[in-house]
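Read top to bottom, the protein sequences are chains Z and U.
For the first sequence, the numbering used here begins at 216 and goes up steadily by one.
For the second sequence, the numbering used here begins at 2 and goes up steadily by one.
No lab work stands behind these hints: they were computed from the structure.
Be aware that one or more of the hints could be misleading.
Said to hold, decoys possible - As a list, the in silico DSSO-like pairs of lysine-lysine whose alpha-carbon atoms are at most 27 Å apart:
1) U/K306 / Z/K300
2) U/K459 / Z/K275
3) Z/K275 / U/K344
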Amino acid sequence: MDINSYLLDFLNTGGNVLWAILLVTIWLWFLIFERYWFFFREYKTQQQSNVKQWQQCADKSSWIATQYRRQLLSELDCMMARNLKLITGLIALLPMLGLLGTVTGMIQVFEVMAYLGSGNPRAMANGVSAATIPTMAGMVISLLAIPFATELDRRYRREKRETASAMPTYS
Amino acid sequence: MKKISFNYAGLSRASLLGLSLFISPNLQADPLKDLYLQVSQEVSEEANHNSEREKKFKAAAGEQKAMLAEVQTELARQEQLREEMQQTFDLNETQLADLSTQLDRRTGNLGELFGVFRQMAGDTEKLLFDSLISIEYPERKAQIEALAATTEVPTIAQMQQLWAMSLQEISESAGVTRFNTEVVKPSGEAYTAEVTRIGTFNIISEDKYLNYSSDTQQLVELARQPDSSLRSTAGDLSQTSGGTPVGFALDPSRGALLGLLVQSPSLVERVQQGKSVGYAIIAVGIFGLLVVIERLIKLASISKKMAKQRKDMEHPSDDNPLGRMLLAYYENKHLQDLDVIGKKLEEVVFKDLAEFRRGLATVKVLAAIAPLMGLLGTVTGMIGTFQAITLFGTGDPKLMAGGISQALITTVEGLCVAIPLLLASTILSSRAQQMSKEVGEQATGMVAQKAVDIASAKA
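Here chain Z stands alone, though its shape is the one from the complex:
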């Protein structure tokens, strides 16, 4: 069996919710990779240019200068913080989607029971797999993503701190 039909079969066994989980998973990992790409490629140049701009300023202690510094810092902050909240949000969402899959699977099981009675465990197996596979998938994917999300969050905080210290308010 080729991988394509195997995957399709797996997704069909898990029911419709598994497709939603797949969608959210793709979104989540796209966001995570985008963040890493940003940190490794775009962030460094922007940070260096902002730091240089601050260092070129003659006045570093007036109200206006402080506001200017805040602006420079905030520009970097906004760039870094983009999507970080969404990543944690999606991680929280995945187990919930898994739970949704559990309940829809249970509905399938009870439907089968209503038509065929409880004497046919094989007929119920489809619903049971539709109940368990999304739960597992949601759990596994959110667990896999948690380390990356934590790491990204720590990186964001560290970079913020380091940039702030690279822009001293005294000359």
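For chain Z, the structure is supplied; the task is to place chain U on it using the hints.
Frame of chain Z; chain U shown alone:
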């Protein structure tokens, strides 16, 4: 009897005579003599007549006797005949018994064959009546019915016919064929269409799966068709001209699974299963979605206006936070005290920050409420189920199904409402946070830079 009547006639005549005597007592003696003569003459006549009769009777009696004898001999003859026939009958009876045992002995295997043939014909009849192939060859039904109804030992031709039918069934069940036949829509109207039969398993018309009900002998379109991906495989099969292989989703249960499909409830029916709690959850979801949409539009319009303002810093307008801050700066520029100006700007910013965060709490609360309402539906559904159990026991799972489906559907609805609301609340809050950073820090920076520019222009 005759004698009595005769006597009676004589007596009446005598009394008449007596009467006449009595009436005319003074008549002459001559008439009396005449009377006597007449009487004696009549008596002798009477005696003659009687003896004649007697003779006649005697002659008749002889005749009767002869007849009796004749009859008796006839009877004896018949009895003898009966005797003889009885014997022949008994003889025949024993002969018949002999012959029938002989027949039984000789047809021993043949009788078994007849039984097997009838049984096979009956089984095959049922099989052919339920089979999809019979739609293509409707004439088979009459043939198999005639075969199954035979009461005599089958002929070789009949046996070969049954054999040929079974073979046809087997060979046809391996093939995919197309033919035109009548199809009934779920609404009841019939039309003629080209159908494709896949062995004995499924029958399709274009991309629609059909169901064959052997009771009514009709091909009916399934009221609820399977997924579009499965239907497209049916469409491919209907259109292919052979040669290239096409994939097809087959129902190996000969339509039983497809039949169950019709019974599974649609989306609307599922929503109705949720009952009042379900509707409440849906209302919450719609309300939350409206709030989210309003917020998204508002935030997008604010950020668009700010971008526009950033390009044109010379003409501040009060429809965006940056413009309002610039206006506040221009109003307070004469104060010369930067701290005071800073405070004024902060005041403006605070108002805008409140605007960004408006509605966020509502969405968050709704996202938290929805699963709780689902839980409420679960519990009320379970209460219904347990009430059904108290009333009817656990024997019939169908009685409990209503409560259970309510319990599960409301949970699903709660989650279905909570998940998008939660996602939206995350997106909204991160967007609001970013915008408040932009306004609070970058916009003040821009105002500060503007102040520097103005100051340097003055100098």
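The hints, checked one at a time:
Restraint check for U/K306 and Z/K300: the C-alpha separation of about 25 Å stays at or below 27 Å, so the hint holds. With a CA separation close to 21 Å, the supplied pair U/K459 and Z/K275 stays within the 27 Å bound. Taken as a hint, the Z/K275 and U/K344 pair is honoured in the structure, with Cα atoms around 20 Å apart against an allowance of 27 Å.
The earlier numbered hints are all upheld by this structure, with none contradicted.
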